[in-house]
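Protein chains: 2
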Amino acid sequence: MPNTRFDVLCIGNAIVDIIAESTDAYIKSHGLDKGHMRLVDPEEQARIYAGVGPAIETSGGSAGNTVVGVASFGGRGAYFGKVADDTFGKIFRHDIGAMGITFESKSVAPGGPPTASSVILVTPDGERTMNTHLGACVMLDEADVDPIIVAASRITYMEGYLYDRPAAKRAFHLAAKLAHEAGRKVSLSLSDGFCVDRHRAQFLSLIKGSIDIVFANQVEICSLYQTTDFEDACRQMAKDAPLAAVTRGAQGSVIIRGTERIEVPVEPVARVIDATGAGDLYAAGFLFGHARGAPLATCGKLASLAAAEVISHIGPRPAIRLEALAKGLF
Amino acid sequence: MPNTRFDVLCIGNAIVDIIAESTDAYIKSHGLDKGHMRLVDPEEQARIYAGVGPAIETSGGSAGNTVVGVASFGGRGAYFGKVADDTFGKIFRHDIGAMGITFESKSVAPGGPPTASSVILVTPDGERTMNTHLGACVMLDEADVDPIIVAASRITYMEGYLYDRPAAKRAFHLAAKLAHEAGRKVSLSLSDGFCVDRHRAQFLSLIKGSIDIVFANQVEICSLYQTTDFEDACRQMAKDAPLAAVTRGAQGSVIIRGTERIEVPVEPVARVIDATGAGDLYAAGFLFGHARGAPLATCGKLASLAAAEVISHIGPRPAIRLEALAKGLF
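Which chain is which? The protein sequence lines are A and C, in order.
Counting with numbering that gives the first Met the number 0, you get residues 0 to 329 for the letters of the first sequence.
Counting with numbering that gives the first Met the number 0, you get residues 0 to 329 for the letters of the second sequence.
Quick caveat, the hints were computed from the structure, so don't treat them as lab data.
Treat each hint with caution, since some may be false.
Heads up, the list lumps identical chains together, so a pair's fine if it works in one copy or across two of them.
[What the hints assert, rightly or not] Calculated cross-link-like contacts (lysine to any residue; reagent style SDA-like; alpha-carbon spacing at most 20 Å): (1) LYS326 <-> PRO264; (2) LYS105 <-> GLN201; (3) LYS89 <-> GLY52; (4) LYS89 <-> PRO112; (5) LYS89 <-> PRO113; (6) LYS89 <-> GLY50.
The model shown is predicted, which means the values in this text are computed figures rather than measured ones.
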């Protein structure tokens, strides 16, 4: 096995978030699906943005949040993603680099699409609804998959959102193949219920064939198996994937490995301020623990701690060093 | 007197803040003056930025924060400031507009300087140290002073930072003249101790001649009168300005009107997270109350409430509607 330089390599859509408080009425009046991500063109995004309150801007992107979480635990992370050399691209690059994460993907050439952004509406219940313009992300392809970094990473983690674009999907498959050839593990997040709807058959085939660790929430796993019965979905997942972690919001999460099943309670938070990044940070804690050889229950604990931290404030990335939360856990 | 459309018109440098946690050691190693603002060129700013942790981006600018605070109290605000038609300019414009504030200053022409930004280092004690590149702000001049808006505003408030640029200073003087001609009040913030150092004689002459309400903190007022004796500085201010509000950090603030002196306690906060905007929001509460005819003690209470809210979280603008805090106060 080649030298292990990274605990986790994350591959995803490199996005800057524009986070604004909003209301259920606004979500409804714009016909948005609360709690979900949808892809929009710049004009539609501008229309949504124009009607919301003051916002803050912060680096985001599902896998980007996850790799920052891994680094915040003290893990060694690498990232593949595509930005432009514009204001948001510089911000994204800074925030990843400032965490000590290796991020060598080239920016798109001048004159190309802008760095991706997502206008995220946060309702008073803390739920987030995302309107993403992918911009430069659409340029991520197989050329961005650095085989040396894949081979040097204990786990390669990819967000299901990549499946929305053919070139990114090919990059995804290449990275999975290279990781396995190097004796490494491959992990997939199902990302979003509608995303699962769009790619159900392919996701199922991927999970059965090439994924070692699946992350999903209740909506996503039920969508995947087209059932409303969570337990039924979990039974099917236990057959299809060697290892899965399924989150259920306030009801905690379930780790499934064959016939083994570990229930993980949520870590208490005073109030959910902004759920953006909850799943991403759950994955970060789990992957960090798993890469470092922690027992599954500990992986679940780290995952829940990270998720609880990120939902207790605005923004999809940790506001404190997660390493401090993990002290003494393993 | 013309029709009163606005409680407060604020004029200042339109800036987007890039806020990063930092350390005293980093501040020291870069030779920065902790707690102060300094003007830097883009290269120097990039050098500072490169060494700090992950950041968040948010609209800022001293007078911009103040007018947003006024609007958050339910006041009617207007703003003059200069941005470019770039990413940060669009963000700044959105965040002002989203608060219902009238902001009609034209953007600088394409090819001109970029929207101003400030890399703000927040140390563990919550103090902020600012590295500002003024960019498009340098284009603010007399042409941006809309006489109809000045005449329609109960109070015209200007940040002392404007004095760092000759064209902005002329705009400042024009606005003060127009406001007084319309029977309105003019208010000035001294902005920063070093800023006072740079413009002491002019600030003194201005305060003696044209300013109805002065805002300063302890460092600024002592710099203005070149004394280390706070009481002495207050006595001099009482002679020079009809009304002044002087903040002293954790020791509260003092309102001075001739021989009248009102001590205002701070509102308690669990922990100072980020002091950015403390003075700006203090001014917002005071000006809102004053424009609405509240007694001075109530103006001080509103000021302290707003300042306490903004230092209890990251970012220089309120995270909640200040109107809710002010309920029942007058």
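* If the cutoff is 20 Å on CA atoms, where do LYS89 and GLY52 land: within, between, both or neither? Let me know, please. => Classified as between; 14 Å across copies, 25 Å inside a copy.
* Asked: How do LYS89 and PRO112 come out at 20 Å by Cα distance, when the copy is not named: within, between, both, or neither?
  -> For LYS89 and PRO112, the Cα distance is within 20 Å both inside one copy (14 Å) and across copies (18 Å).
* Asked: How would you classify LYS105 and GLN201 at a CA-CA limit of 20 Å: within, between, both, or neither?
  -> neither (28 Å within a copy, 51 Å between copies)
* Asked: Is it within, between, both or neither when you check LYS89 against GLY50 at 20 Å Cα-Cα?
  -> between (27 Å within a copy, 14 Å between copies)
* With 20 Å as the alpha-carbon cut-off, assign the pair LYS326 and PRO264 to within, between, both or neither. => Classified as within: same-chain Cα gap 19 Å, cross-chain 40 Å, threshold 20 Å.
* To do: If the cutoff is 20 Å on CA atoms, where do LYS89 and PRO113 land: within, between, both or neither? Let me know, please.
  => Close inside one copy (11 Å) and across copies (15 Å); limit 20 Å.
Hint 2 from the list above is the single one not met by this structure.
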